[in-house]
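Asks: Chain residues, written in single-letter form:
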Amino acid sequence: MTDPTTSGAPAVPPGEITDLVRRSPMSFLGTVTRIGGTPLPGLAADEHTAVVKVDHVLHAPDAFRRLAGSRVTVQLRADAAPLAVGDSAAFFTEGLFYGSGLAVSEVGRLPAHAVRPHVALAATSADEQPFSAVLREIHRQDLAVHAREADAVLLGTVAGLERIDGSGHYSEHDPDWWRATLDVQHVESGAITADSVSVLYPNSRDRHWNHVPKPRAGQAGLWILHATEGDRRELAPYALRDADDYQPAHRLAALREGM
Amino acid sequence: MPRFKVVNITPKALSGESEQDSEPFLAVNPEKPTEMVATAFTSDPMGGRFAPVYVSTDGGSSWSLNTIVPGGGVIQGHAFGTGDITVAFADRGGTLYAGILNGVAAFLQDRTILQILRTSSITSTAPMKVLVNRDPVDQPWVIADTVAGNGGDHDRVFIGNNDFAHDPPSPRSATVDVSGDARTAPGSAGFAPVGIEHRTPAQQDGPPVRLALHPDGTVYAAFESWTTDKAVSRQVSNVTFDVVVTRDDKAAAGASPFQDLVDSTDGSPGQRVATGRFVVFGGSMGQERMGGDLTIAVDPTDANNVWIAWCDRVGGPKGTDNTLHVQRSTDRGQNWRRTRDDLTDVKNPALAVNSEGLIGLAYQKFADNQWTTILETTADSWKSEPETTVLHQAPADVPQAVSLPYLGDYIRLLAVGADFYGVFSGNNTPDNANFPVGVTYQRNADFTTHQLVDVDGTPGVPVSIDPFFFHRAA
Chain A
7 MTDPTTSGAP AVPPGEITDL VRRSPMSFLG TVTRIGGTPL PGLAADEHTA VVKVDHVLHA
67 PDAFRRLAGS RVTVQLRADA APLAVGDSAA FFTEGLFYGS GLAVSEVGRL PAHAVRPHVA
127 LAATSADEQP FSAVLREIHR QDLAVHAREA DAVLLGTVAG LERIDGSGHY SEHDPDWWRA
187 TLDVQHVESG AITADSVSVL YPNSRDRHWN HVPKPRAGQA GLWILHATEG DRRELAPYAL
247 RDADDYQPAH RLAALREGM
Chain B
5 MPRFKVVNIT PKALSGESEQ DSEPFLAVNP EKPTEMVATA FTSDPMGGRF APVYVSTDGG
65 SSWSLNTIVP GGGVIQGHAF GTGDITVAFA DRGGTLYAGI LNGVAAFLQD RTILQILRTS
125 SITSTAPMKV LVNRDPVDQP WVIADTVAGN GGDHDRVFIG NNDFAHDPPS PRSATVDVSG
185 DARTAPGSAG FAPVGIEHRT PAQQDGPPVR LALHPDGTVY AAFESWTTDK AVSRQVSNVT
245 FDVVVTRDDK AAAGASPFQD LVDSTDGSPG QRVATGRFVV FGGSMGQERM GGDLTIAVDP
305 TDANNVWIAW CDRVGGPKGT DNTLHVQRST DRGQNWRRTR DDLTDVKNPA LAVNSEGLIG
365 LAYQKFADNQ WTTILETTAD SWKSEPETTV LHQAPADVPQ AVSLPYLGDY IRLLAVGADF
425 YGVFSGNNTP DNANFPVGVT YQRNADFTTH QLVDVDGTPG VPVSIDPFFF HRAA
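Line by line, the protein sequences give chains A and B. With my numbering applied, the first sequence covers 7 to 265. With my numbering applied, the second sequence covers 5 to 478.
If we strip away everything but chain B, and leave its shape as in the complex, we get (with noise of 0.2 Å):
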C-alpha cells in the first residue's frame, strides 16, 4: 500500500501570517530526493527586496524559507512578492533553475517580465542569479535534467512561456526557451527563444505552454493555440481554442526545434490533438479565475507513450462548466484517445508518469461550494477504476479572496522514481476532516478548535492560503 504525507509548509516562525499564498509549485532534486523546494505567491515576510522560495532538506517533512528570488519589496506601504515563478532540478548537481515574472517589474513597469534564474545551491542565502532577461511574457514553467558529454556534464533546461516580444508583432505567442548547457554557458546561459506556434492563432496563444522530457532527449510542448477571441472585457473573453502538441527528439539540439511532430492533417508542426474547444478566458468558477489548465506528461519507460490533460466549457457560451478532458497517444503524440472520462467543474490538472509507469493525476474540483483536492493514479491508463486519493477539502467561500488568483493558475505533480511528489494551495483550516489521508502543520494549530494559533499561543489567527505539499511514497 502506498503511503501518504500531507504537510502544510507554511514555517512555524509565520504561525501569524495570514497571507493568500496561492499559485504553488514544487522541485524534487532527483539526485537526492529528501531537497526539494516550493514556490508560491508568498512575498518576503518582512517586506524585503528578495521573495522566499520554501526549502526543505528532509523529504518534505519541515520548511524554512530562503528570501532569494529577485522581485520582491515593498513600494508605498504594499509588500511585493515575485510574480509567477515555477522552479526545477537537474537531474544532477543539485542546481535549481527558475522561470520568474519579476513582481516589482510588473507593477512599476506594467511589463510582464520574464526572469530566467539559478542557484548552485537551495540553502545558500546569496539571490539567484539573473540568467535572461525578457518582456512582455508570461506564465513561465521550467523542466530540466542533466546529460553527460564533452567532459563533463551538461544541464538541458526548457522553459515555457507566453512570449508577446515579436518584432514585427505576431500573434505565435507559444514559446520555449532552450538551454542545452545552463549550468555553465556563459553569459545567457545559452538560452534561446523558439517559436512553437506554426499556424496563425487569432490573436495570441493561451498563456500556459506546458512541457514533459524524456531522458533520451524527447520533449514534448503542449499549448493552446486560440482560433477565435471575442473580447468582454480586457480581462475576460470568450476563446476558441486547439490543443497543440509539438515535439523534439533531440532536446531541441537542431536546427528547427520542436518540429519533429507534424500535424496529420494540414501538415504543420505540431499535432492537434482537438480543436474547437471553448472557454472563458478570465471567468470564474467560486472565488477563482479559469482559462488556462493544460498539463502534458511522457512515460520515463517509453518515449511514445504519453498523455495530456486540459479544461475546457463543454457548454459553450451559455454554459458553465470547466471539464476537464485527459488523453492518451502511444505513437509520440500522432494520434491520440480518450482516456479518462471527462469530469466536470474541474481545475489545475497535473499529470506525471512514475518510473513504472503508473500515471498520476492531480486536479482541484469545484462542486458544493467546497474545493476539493485530488489524486489519481492508476496502471491502466483508466482501463480500471483509478486509485483515488482525497488530499484536501474545505469550504470555497472561506477565506475571502484578497486577489486573483485565488488558489493559483497551476498546481504541481511530479513523479521522481516510483514516489509522486506535489504541492497544491488552500484553505488552511486545521481541521482533521479536511485531511481524509492526514496532514502535518509546521505552523501552530489546534486541530481540536478547528483554529490556527499565533506564536505565542494565542488563537483566532485568521483563516487564509497556504501551500500543501503532498508526497504517495511506493
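Just chain A, with the same shape it has in the complex (with noise of 0.2 Å):
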C-alpha cells in the first residue's frame, strides 16, 4: 500500500502538471482495486489492466464531473511503473471504452501527493475542480496563441449587420455568410487603420457553424478576426471562425500577457 506522503517525495517539475492536462482530458485521483481484469464486457484486459476506484475527479468534461466513488478501467502504460492493489496515484487518461462502464487509457501518472494540494483548495475555493486553475491557465495560454496566430485583434462595437446574397448551391450545411460591421475603438495588433472593418461570420445554425460567434447589432468587445481568403476577400477583408474569436473586452487584459 503506497500512498507517499510529500516529506521526502521528489517534487513534481514545474508545469509538469499543465503538461499532463494540457493532454489528457480527464484526470482523478484513485486508488487501484484489481490488476489484470475489468468488469466491462466487451473490453479486453491483460496485465496492464486495472480497476481503480475514483477518489476526486481532478479535471473531466461535464459528463465525467460526477465520477467520485465510482470504478473505474485503466489501461495502464506498458511503460509505466507497475502498480499493486492498494496503491493510491493521480491518473491522467484518455477516453477508450464507454458502456456499462467507463474504461480510459493512461497517458500519465503522478504519485498522489503531487495532486493533494489541488484537491485541498478545491474544497476551499469556488473552483469547481481540483484542476480548474490549471485549466484555466490552458485556455489562457491557447487564447493568446490564437490571437497572435490571427490576423488583426481590436476592442469593438458592431454598426451594422447584412447578409451576403451568394450564389451556388444549398445544403443544409451552407455556412450562411453574413456581413458585420465593427466601429473600431481599438486596435491591439493588426493592418487596421480605417474606423471600421468589415467581418464575414457563418450566420448558420447547421451544426457545422452554429459554435461561430454571431454577432449582435450593438454588441461591444475583443475580436479575434482572421484574413478571408480566396473569392471571399471581396465581399471582407476579414471573417471569425472559431468558437473563440469574440471575448469580453476585459479578455484584453489577459491576452497581452500571453501575446
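These are computed hints drawn from the structure, not numbers from a lab. All C-beta atoms, glycine included, are put in the ideal place defined by N, C-alpha and C. Careful, some of the hints might be misleading.
[As the list claims (entries may be wrong)] Below, in silico cross-link-like pairs of lysine-lysine (DSSO-like), each with a Cα-Cα straight-line distance of 30 Å or less:
hint, chain 1, residue 1, chain 2, residue 2
1, B, Lys322, B, Lys254
2, B, Lys234, A, Lys220
3, B, Lys254, B, Lys234
4, A, Lys59, B, Lys16
5, B, Lys16, B, Lys369
6, B, Lys254, B, Lys36
[Stated by the list, open to error] Distance windows between CB atoms, simulated:
hint, chain 1, residue 1, chain 2, residue 2, range
7, B, Asn373, A, Glu168, 28 to 38 Å
8, A, His145, B, Thr453, 31 to 41 Å
9, A, Ala165, B, Lys133, 42 to 52 Å
10, A, Glu235, B, His454, 41 to 51 Å
11, A, Leu241, B, Phe282, 49 to 59 Å
12, B, Ala477, A, Ala50, 30 to 40 Å
13, A, Ala50, B, Pro440, 38 to 48 Å
Work from the hints to combine the two standalone chains into their complex.
Replies: Shown next as C-alpha cells:
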C-alpha cells in the first residue's frame, strides 16, 4: 500500500501538471482495486489493465465530473511503473470505452501527493474542479496563441449586419455568410487603420457552424479576426472562424500577457 | 402479437451527458441480427479525433461506443463529431460500410467532404478505412448486400448523395456511388459515382437521394428534382420539385446505370411520381428545419412492388404544413397511386418492407407543441387500418435546440426477415408516459421523478436529445 507523503518525496517539476492536463481530457486521484481484469463486458484485459476507484476527479468533461466513488477501468501504460492493489496515484487519461462502465487509457501518472494540494485547495474555493485553475491557465495560453496567430485583434462594436447574397448550391450545411461592420475602438494587432472594418461570419445554426460567434447589433467586445481567402476577400477582409473569436473586452489584459 | 422494444442507447457510462445527439441511423447485420450499429451526431465524449458509433451485440438491449469514425476532434475548444453519417452491413461477412461528411474538414475547409468507410469488425477499435474522399457532396445514404460469384462473396454497396462536384458545373446533382465489390476491390474499392438526374433541374437536386435494393439486383433510387428555386436566404429557399424514381435491373453493373425506368411522359430516364410539389427548404416546424423528407422501399418478395413517401407543403408559399404522401407502384416504378391518406405536419418518413410483405412506415409528427414518433405497419398497403404504434411522445420545446438539425434530417427503419428495426432521436425525459410501449434506459434515470441521474446518483442532469433504438419482433 503506497501513498507517498510529501515528506521526502521528489517534487513534481514545474509545468508537469499543466503539460499532463493539456494532453489528457480527464484526470483523477484514485486507488487501485484490481489488476489484470475488468468488469466491463466486451473490453479486452491484460496485465496492464487496472480497476481504479475514483477518489477525486481532478479535471474532466462535464459528463464525467461526478465519477468520484465509482470504479473506472484504466489501461495502464506498458512503460509505466507497475501498480498493486491499494496503490493510490493521480491518473491522467483519455477515453477508451463507454458502455456499462467507463474505461480510459493512461496518458501519464503522478504520485498522489503531487495533486493533494490541489484537492485540498478546491475544497476551500469556488473552483468546480481541483485543476480548474490549471484549465484556466491553459485556456489563457491557448487564447493568447490563437490571438497571436490571428490577423487582427481589436476592441469594437457591431454597427451593422447584412446578409451576403451568395450563389451556388444549397445545402443544409451552407455557412450562410453574413457581414458585420465593426466600429473600431482599439486595434491591438493587425493592419487596421480605418474607423470601421467588415467581418464575415457564418450565420448558420447548422451544427457545422453553430459554434462560431454570431455578432449582434450593438455588441461590444474583443474580436479576433482572420484574413479571408479566395473569393471571400471581395466580400470582407476578415472573418470570424472559431468559437473563441469573440471575447468580453476585459479579456484583453489577460490576452496581452500571453501575446 | 408483435413484441416491441424501445431502448435509449446512450450508454450508462455517459449518464452525465447532455448533448444533442440527433440525426440517427441504424444498421443490423442480416447474418447475425443481434449485431447492430447505430449512429448520430455524437462526438467523442472526451474530444478524441474519432467520432463514435453505437454498437450492440445483444440485439439492441445494451450499447457501447466505439470511436472509429474519422472527422472528430477539438478545435479551439469546440468538440466536433462526425458530419452526416449513415451505415449499412453487407448480407454476409459482417463488413460495415459508412458514408459520412467529415466533420472537422467541413468546418476547416468549408467543404462538405464525402468519405466512404469500411470496417470488417464492428468491435475492432481500429479506425474505419477511408475508401473514397470527394467534395462537395451532401447527405450520403448507404445500402448494401452480398452476392456470390467468381469464387467468393462480393459486397454490393450503393451510396446515394447530392454531388456538386461537376466539372464543368452541372445542376444534375442527384448521384449514387456504386461498387460491385466493396469488400475486396483495391484502391477506392471499386466505387464510382453515377449521375441519376437526366433532366435539367433549376440549380440542383434536393439533398436526399434514397435507395431500395432487392436481392435480384433491382435497385431503386429516388430523388427530388428541383424545378424552381427562389432564395429567401442562403439557407431558406422556396423550392418546387418533382419526385423522381430511377431503377437499375442489374445492380447498376451495366454501361448505363439507373436508366431502366423511363418516364411515361417525356421518355427520360427516371419516372416522375409527382410534379410541381412545393417546399420551403430550410423552413422550420417547431425547433426543427425542413425540406428534404423522402424514403423508398421495395418488397423483398417481389421487386415489382415498391413504395415511396415524401413531404411537401400542400398550402404552397402561404401555407404552414409539411404533408406526408405515400404512394405505391406494382409495376417496377412505372405507375404510382396514392396508397395512404395524406398526413399533415410530419417529417422523417422511413419505409421498409419485411420478408412477409408487411410494410412499415415510421415518421415523426409535430402537433400541439409535441413530437410524436410513430410506427405503422400494414399488410394490405393501408386498405384497412394499419397497426399504429406510438414509440415516443414528448414536448417539442424541451430541450432548447443547440444547433440544427434538432431531431435530424432523417431517421431509419429497416427490415431483417420478419422483424422491423429502427432508430429515432428525441427528448430523453425519463417518463413512462412518453413511451406507450415501454422503454429501457442504459443511462441512469429516475422514472418516478422524471429526472436523468448522473453517474454518482445525483439527479438533475439536463434533458437533451438522445437516440432511441426500437425493434418490432414478429
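Asks: For every hint, state whether the structure bears it out.
Replies: Hint by hint, here is what the structure shows:
no.: 1; hint: B:Lys322 to B:Lys254; in the structure: violated (44 Å)
no.: 2; hint: B:Lys234 to A:Lys220; in the structure: holds (25 Å)
no.: 3; hint: B:Lys254 to B:Lys234; in the structure: violated (38 Å)
no.: 4; hint: A:Lys59 to B:Lys16; in the structure: holds (17 Å)
no.: 5; hint: B:Lys16 to B:Lys369; in the structure: holds (29 Å)
no.: 6; hint: B:Lys254 to B:Lys36; in the structure: holds (26 Å)
no.: 7; hint: B:Asn373 to A:Glu168: 28 to 38 Å; in the structure: holds (34 Å)
no.: 8; hint: A:His145 to B:Thr453: 31 to 41 Å; in the structure: holds (36 Å)
no.: 9; hint: A:Ala165 to B:Lys133: 42 to 52 Å; in the structure: holds (51 Å)
no.: 10; hint: A:Glu235 to B:His454: 41 to 51 Å; in the structure: holds (50 Å)
no.: 11; hint: A:Leu241 to B:Phe282: 49 to 59 Å; in the structure: violated (31 Å)
no.: 12; hint: B:Ala477 to A:Ala50: 30 to 40 Å; in the structure: holds (31 Å)
no.: 13; hint: A:Ala50 to B:Pro440: 38 to 48 Å; in the structure: holds (40 Å)
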